[in-house]
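Undergrad: Read off the chains here:
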Amino acid sequence: MRSAGPAGLSLVTAVATAAVLAAVSGCTEKGAGDDDRVVTVTATDDSCEVSTKEFPAGHVELAIENKGSKVTEVYILFPDDRVVTERENIGPGTKQRVTAEVKPGDYRIACKPGMRGKGIRQDVRATGGKAAQRDPRLDKAVAAYRAYVQAQADETLPKAREFAKAVEDGDVEAAKKAYAPSRIGWERTEPVAESFGDIDPKVDVREDGLEDGQDPATDWTGWHRLEKALWQDGKIGDREKELAGRLITDLEDWQKRVGTADITPTSMANGAKELLDEVATGKVTGEEERYSHTDLVDFKANVEGAETSYALLQPVARENDPALVKELDRQFAALGTLLDRYRPDTTSYDFVSYDKVGKADRKELSDAVNALAEPLSRLAAAVAK
Amino acid sequence: MTESTSQAPSRRSLLGWGGAGLALGAAAAGGAAAVARTGDEPRSDAGAAVEFHGPHQAGIATPVQDRLHFAAFDVTTEDRAAFVELLKEWTVAARRMTAGRAVGDGAYGGPAEAPPDDTGEALGLKPSRLTLTVGFGPSLFGRFGLAGQRPDALVELPKFAGDNLDRDRSGGDLCVQACADDPQVAVHAIRNLARIGFGRVVVRWSQLGFGKTSSTTPDAQTPRNLFGFKDGTRNISGTEKDRLEKFVWAGEKDGPAWMAGGSYLVARRIRMHIETWDRTSLQEQEDIFGRDKGEGAPVGKAKERDEPFLKAMKPDAHVRLAHPDTNAGATILRRGYSFTDGTDGLGRLDAGLFFLAFQRDPRTGFIPIQRSLARDSLNEYIQHVGSAVFAVPPGVRDQDDWWGRTLFSEEA
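Residue numbers (the working numbering), protein chains in the order written: chain A, 1 to 385; chain B, 1001 to 1412.
Careful, some of the hints might be misleading.
Unchecked claim - So, partial list: chain A residues that the calculated Cβ filter (under 10 Å) puts toward chain B:
| hint | residue |
| --- | --- |
| 1 | Ser195 |
| 2 | Gly197 |
| 3 | Val357 |
| 4 | Gly358 |
| 5 | Arg362 |
| 6 | Lys363 |
| 7 | Ser366 |
| 8 | Ala368 |
| 9 | Ala371 |
| 10 | Leu372 |
| 11 | Ala373 |
| 12 | Glu374 |
| 13 | Ala380 |
| 14 | Ala381 |
Calculated directly from the structure, the hints in this document are not laboratory data.
Every residue, glycine too, gets a C-beta built ideally from N, C-alpha and C.
Go ahead and model the full structure; you've got the sequences and the hints to work with.
TA: Here you go:
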């Protein structure tokens, strides 16, 4: 059942509301004893200086001065990037004051010159009382998920090298066989992989995904370029061999950087939903693997990745929204059972070729994806409570 | 007919009633302007809310709204309790939406991490006389141990001459008819109910209707269909209590008990061969319908509402074959809408009539009439391509009641 009522009000909303109220009423001068509650933030085009990195929890006021040449924004953020409070449109040479109510704990103050990007950040701490740390189970979940993401990259590289070697050897059949398995780790963790905006377009773009001005002959690289060569053209030339090598270089870059990805409980939950979005828009339609028809392998990998995120968040989600957890358990199981009908051996990733899956069966898969994706879209709120 | 007021005629009026004298204004303006409209429907404020609760579901005898979004659903859950829960959730959402309110916690202001409960596209729009009407298809009674509750009147429709039914546009375990004066309000309602239904029901097919082709309001102008004709002049009106009781509402003695106050809905997607029709001479068009095109008067008569003299019409004229006198008194309440779903790839409009008819029993309503129409000369220009039949349960009585309670409580 769709959650309703004020019980659904999240911490973020509550804190932000408090901040807004404080801001509205916060025009009066503070007494002398409140000086340590004022943090001076000096923003320039390339720096974000704070007068103190520790302040007492409770009422805090940021006295912001933009000494740069660009319009800037200043945020107080939770460690997982949720916004405590923010002030936008701070013009060059102007001063602004922002107030917030903060619980004890770690925060970041971020300046965004030009109001773009992640901003220049300073770690700060609100002291006193018991630190309002994030639920340690969520920290554990994030850590476990980070390890999972790294493991997927680590396990992908040998499989990708096997694929690349077959291409470099000019062995079309061996390359076809190694193609889908080489993609499983990537597909399981696609939202994290995609967060590195420069890697995804190199390794996983489809021909229709090229940007204006990009020439498919010279600018199209990665798995799907090779997929087309193997299945549609049925031959491997010098260009394909070169691209196989480049795929490995790009995947090594991913393997090296994936451990630094910004991961929060919220992004894990949203990532799980995004994996189902991937299935709904790319796999169910057969667009993703239009030459190899190995869509069901990607489909399975996407669902596995989503289920991993979910399983790690489940203990907290169960406390906050038991009905949601029950529904997610049910729908993950139903989709898993349905997918198993398309592989003779449930321990293998040899799935039925998707061009052999008829319209009615595709609709059934689509229905099962919708049945899971709708409740999954509410997981983030259930862990952010 | 007077053309009064300074307001521009509404698009609806222009489209719907053509040269018959323009009824002006209020529909498009949201209904606030009280305009002297001869021949127009004395309908209530086009922006107002229609009462959701009552002994019968709204959307049957309710004055026909301008727009339709109709959806048939299939059940995907095996869990009876989950399905009952869905009907309750749908009822709550429908109660809110028909009152012009958003679903659940609304479209904004909720937790930032969660998608909003309501999809938002109806924010700021009036209730627009939205009605939501639920029906149960024959296939539903193959589930949840309901077989013993299936009404005898809920028969699968027989195959009629000329039927070319598309399976993907036919049938369904249940349906929701959304009618409103604003198309976005109707679409919003179906979209949100479909969203609430994920995991329990899925949309099997759906149909938009852009213009009503029937009226259930006495003295109203009969809207024209896409052939340009008035049809269904003698439709049952929402105020004719005796005819409603006799021909539309399932009575207590009809059985089963859970259907008392309900009705039966026949939906037919009727493709019209617009292009060939438009090349047909006026004389032939009028002969086919048995009416004149301008006034809508039956053959040999002067006014639309003059009692038709059937024998003056060609033996295969549409009005003659559809008339109660030809069909042992069979009478149905029509509530159909014109549709145009783009083009068919051959340069022709995929257009026609989405026929909706409510009746006390299809076996004495739609079925004999449609059998009679096997000889209809109109058949050269139309083809039935979709079909469905539903048992429409009685109305939701009050705040604690829910769609289908009489069926699911009685059986439980």
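Undergrad: All hints, please: hold or fail.
TA: Now for the hints, and whether the structure bears them out:
1. Ser195: 18 Å, violated
2. Gly197: 23 Å, violated
3. Val357: With Cβ-Cβ at 17 Å, over 10 Å, it is violated.
4. Gly358: Hint violated; glycine 358 of chain A Cβ to chain B Cβ min 13 Å, cut 10 Å.
5. Arg362: Cβ of arginine 362 of chain A sits 13 Å from chain B, so the hint is violated.
6. Lys363: Constraint on lysine 363 of chain A satisfied, holds at 8 Å.
7. Ser366: 8 Å, holds
8. Ala368: 8 Å, holds
9. Ala371: With Cβ-Cβ at 4 Å, under 10 Å, it holds.
10. Leu372: With a closest approach of 8 Å, the leucine 372 of chain A hint holds.
11. Ala373: Holds, about 8 Å.
12. Glu374: 4 Å, holds
13. Ala380: 4 Å, holds
14. Ala381: Where the cut-off is 10 Å and the nearest Cβ of chain B is about 3 Å from alanine 381 of chain A, the hint holds.
Checked against the numbered hints listed earlier, the structure breaks hints 1, 2, 3, 4, 5; every other hint is satisfied.
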